[in-house]
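Novice: Heads up: the first sequence runs through residues 145 to 726, numbered per the numbering used here.
Heads up, a few of these hints could be off.
[What the hints assert, rightly or not] What follows is a set of in silico ranges between Cβ atoms, one per label pair, in the way DEER data are often shown:
no., residue 1, residue 2, range
1, R702, Q430, 19 to 27 Å
2, N667, H459, 35 to 43 Å
3, K593, E365, 48 to 56 Å
[Unchecked claim] Straight-line distance between alpha carbons at most 25 Å, and here's what the computed BS3-like set of lysine-lysine pairs gives:
no., residue 1, residue 2
4, K677, K719
5, K387, K412
6, K717, K651
7, K401, K387
8, K212, K154
9, K212, K313
10, K295, K154
11, K651, K327
12, K275, K212
13, K454, K332
14, K154, K313
15, K295, K313
16, K313, K283
17, K212, K283
18, K401, K559
19, K559, K593
20, K557, K531
21, K557, K722
22, K677, K559
23, K454, K335
24, K295, K241
25, K332, K557
26, K401, K412
27, K313, K219
28, K401, K454
29, K651, K677
30, K332, K321
31, K559, K722
32, K295, K454
33, K222, K154
34, K283, K335
35, K327, K313
36, K275, K313
37, K335, K321
38, K332, K677
Calculated from the structure, these hints are not laboratory results.
Where is the CB? At the ideal position from N, CA and C, for every residue including glycine.
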Amino acid sequence: MAQKEPVEEKLEKVRHSMSHVMAEAVLQMFPQAQIAIGPAIDNGFYYDFELPRALSSEDLEEISQRMKTIIHENKEFKRIVVSRDEARKMFAGQVYKLELIDAIPENEEVSLYNQGGFTDLCRGPHVASTKDLNAESFKLLNTAGAYWRGKETNPMLTRIYATAWTNPKDLRLYLQKLEEIEKRDHRKLGKELDLFSFHEEAGPGLVYWHPRGARIRLAIENFWRDQHYANGYEMVQTPHVGKSWLWETSGHLDFYKASMYSPMEMDKADYYAKPMNCPFHIMIYQNTKHSYRELPFRWAELGTVYRYEKAGSLHGLLRVRGFTQDDAHIFCTPDQMESEIREVLRFSLFMLHSFGFEDISAYLSTRPQESVGDTDRWDAATESLRKAIIEQGLSYSVDEGGGAFYGPKIDLKIKDAIGREWQLSTIQFDFNLPDRFGMTFVDSDGVEKRPYMIHRALLGSIERFFGVLLEHYAGAFPPWLAPEQVCVIPVSEVFNSYSGEVFTALKQAGLRVYMDDGADRMNAKIRNAQNMKVPYMLVLGDREAQGNVVSVRYRDGRQVNGIAVNEFIALVKDKVSKREAL
RNA sequence: GCCCUUGUAGCUCAGUUGGCAGAGCACCACCAUGGUAAGGUGGGGGUCAUCGGUUCAAAUCCGAUCGAGGGCUCCA
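Start from the sequences and build out the full structure, keeping to the hints where you can.
Specialist: Here you go:
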């Protein structure tokens, strides 16, 4: 007990040991249960079982109680090394354990851990005794179906998820975080703030944007468009459907068909809703011959695509069947490739920073086993990605072999206001499509050569990005994004006319403003505006009308009285143009 | 797709052992004319997701379908 072990290792041991305790508890209740695996995971652990029946929340309570009893028995975790045959004998009847034993490499020893009433096949390590576990610092969270080894063709097991910590305080903090996550859930906020909806009768996974949601979305899109024009892009617009020729040529019908909507037949031809924009942008490129003098092309489009996502994986705005990519394709010469990548990455970071994301990390994915394109191009492309990351001073990790079959890529992940990571931007080379479509440009030496093609999406998709932003801000959008920036609230009907003047002035100044001249009392109006998270509320009565000023109630509770109307307009406009918070 | 959970008014939810479908908010009307987070009274609104079954009787029990939620990588 001399030196302190690192917290992470301690936690891992605690969680893993807890999972054994849970398995023991479950076996007490269901002696005939098949036990599978039970690792430590982020924030806790799980264990997979094959059980005679489904578990109820009362069952979880009972398992939890039994675990506490086991922990209080102060049982030692004993490591035992056995031969394969002995192990097989001990786990006779436990089909999953037998499979695991067979999977252990010949040169590794087979170890077991025993804590009294329960022995599990396990590499370890564990805490020394259940004495080192705290019976008040874990909580069984939920059950879920999970395929044995994650494969759809394998049997479905029952997984029990739990969170576990070394002390009750950490548990409490984590449970509070879960509550915070629930409060920020974009599906909940989307409903409360009247931003968007889904309609099962009209098709799951398809988003309906309400006026308030559309306001925000358009603020995002307008900013996006302006910045693309300012950063050397051109906009293109392409159709939503394309004939099978296009998808045969692109290869999507070979490799991507399962994710595509079924074809529509027209004039004896099959048309497919587009799952990607790239083939369309290539058609524009192919419209004429191109010289090296014209390149690079940077063509951007907020292109709405449709993909068949499995019913069970749909999730609010984060996984939908119809979504709008903030897509662009860059076609350039080999000479230009490096500077283009550098520029794309810089631009990506600028965009993410603009939306309030400061903590960004990069993931570089390199060539996988199965891939197309020649090695020189892969190497050059991968190096240019790496150089760009280093130049930007980003922390990054490399996913060796994690690239798509058609090219290496950089993914950018951001951390949101409560520390969760989300993958947004992706920058990918494509060595496949230019070949398939036979794209060329005429170089300075008169020879036709293959251009480099780069796909990139900075926000990912507008829908998903919107969901992430909504959770990041917990619905309290900064003024530049807020659907309504200002709510004008007359103290009583008597002041409707002065309020109307102020409203008109703000409206003419280009602010997003509305006046609540309904029959509610002022208090109720403030409450409503507050619940809709409107950044600024102007409460107008006699005092304001007399002085031709406004009194400002900020969303965060601050209050500033007696500001001239023009001064207030300037203040909001300043916040908006700087994209600042309140 | 698969496992578990789930579906009652626009929203959030009650609904005991099967016995005439409820509340709050929202909406509409009337009263109240108000100074920083819900003023009062009254009213309208539901084929209890859909289809089928059991029963004298089904929101409630059973089955199917559809939707929603939690999951299905983290390698004993």
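Novice: Compare the structure with each hint and give your call.
Specialist: A quick look at each hint next to the structure:
1. R702 <-> Q430: 19 to 27 Å: violated (57 Å)
2. N667 <-> H459: 35 to 43 Å: holds (38 Å)
3. K593 <-> E365: 48 to 56 Å: violated (35 Å)
4. K677 <-> K719: With a Cα-Cα distance of about 16 Å, the restraint between K677 and K719 holds, given a limit of 25 Å.
5. K387 <-> K412: holds (11 Å)
6. K717 <-> K651: Roughly 12 Å between the alpha carbons, so the hint for K717 and K651 holds.
7. K401 <-> K387: holds (14 Å)
8. K212 <-> K154: Satisfied, since the Cα-Cα distance of roughly 19 Å is no more than 25 Å.
9. K212 <-> K313: holds (17 Å)
10. K295 <-> K154: violated (31 Å)
11. K651 <-> K327: With Cα atoms ~33 Å apart, K651 and K327 exceed 25 Å; violated.
12. K275 <-> K212: holds (11 Å)
13. K454 <-> K332: holds (22 Å)
14. K154 <-> K313: Satisfied, since the Cα-Cα distance of roughly 16 Å is no more than 25 Å.
15. K295 <-> K313: violated (37 Å)
16. K313 <-> K283: holds (13 Å)
17. K212 <-> K283: Judged against 25 Å, a Cα distance of about 11 Å means the pair holds.
18. K401 <-> K559: violated (33 Å)
19. K559 <-> K593: With Cα atoms ~41 Å apart, K559 and K593 exceed 25 Å; violated.
20. K557 <-> K531: OK: K557 and K531 at ~18 Å, within 25 Å.
21. K557 <-> K722: Roughly 24 Å between the alpha carbons, so the hint for K557 and K722 holds.
22. K677 <-> K559: Holds, at about 23 Å.
23. K454 <-> K335: Answer holds: K454 to K335 is near 24 Å, not above 25 Å.
24. K295 <-> K241: holds (17 Å)
25. K332 <-> K557: holds (24 Å)
26. K401 <-> K412: holds (20 Å)
27. K313 <-> K219: holds (24 Å)
28. K401 <-> K454: Cα-Cα ~13 Å, so holds.
29. K651 <-> K677: Judged against 25 Å, a Cα distance of about 19 Å means the pair holds.
30. K332 <-> K321: Holds, at about 17 Å.
31. K559 <-> K722: holds (22 Å)
32. K295 <-> K454: holds (15 Å)
33. K222 <-> K154: holds (17 Å)
34. K283 <-> K335: violated (30 Å)
35. K327 <-> K313: Holds, at roughly 21 Å.
36. K275 <-> K313: holds (18 Å)
37. K335 <-> K321: It holds: about 22 Å lies between the C-alpha atoms, which stays within 25 Å.
38. K332 <-> K677: Roughly 14 Å between the alpha carbons, so the hint for K332 and K677 holds.
Checked against the numbered hints above, the structure breaks hints 1, 3, 10, 11, 15, 18, 19 and 34 and satisfies the rest.
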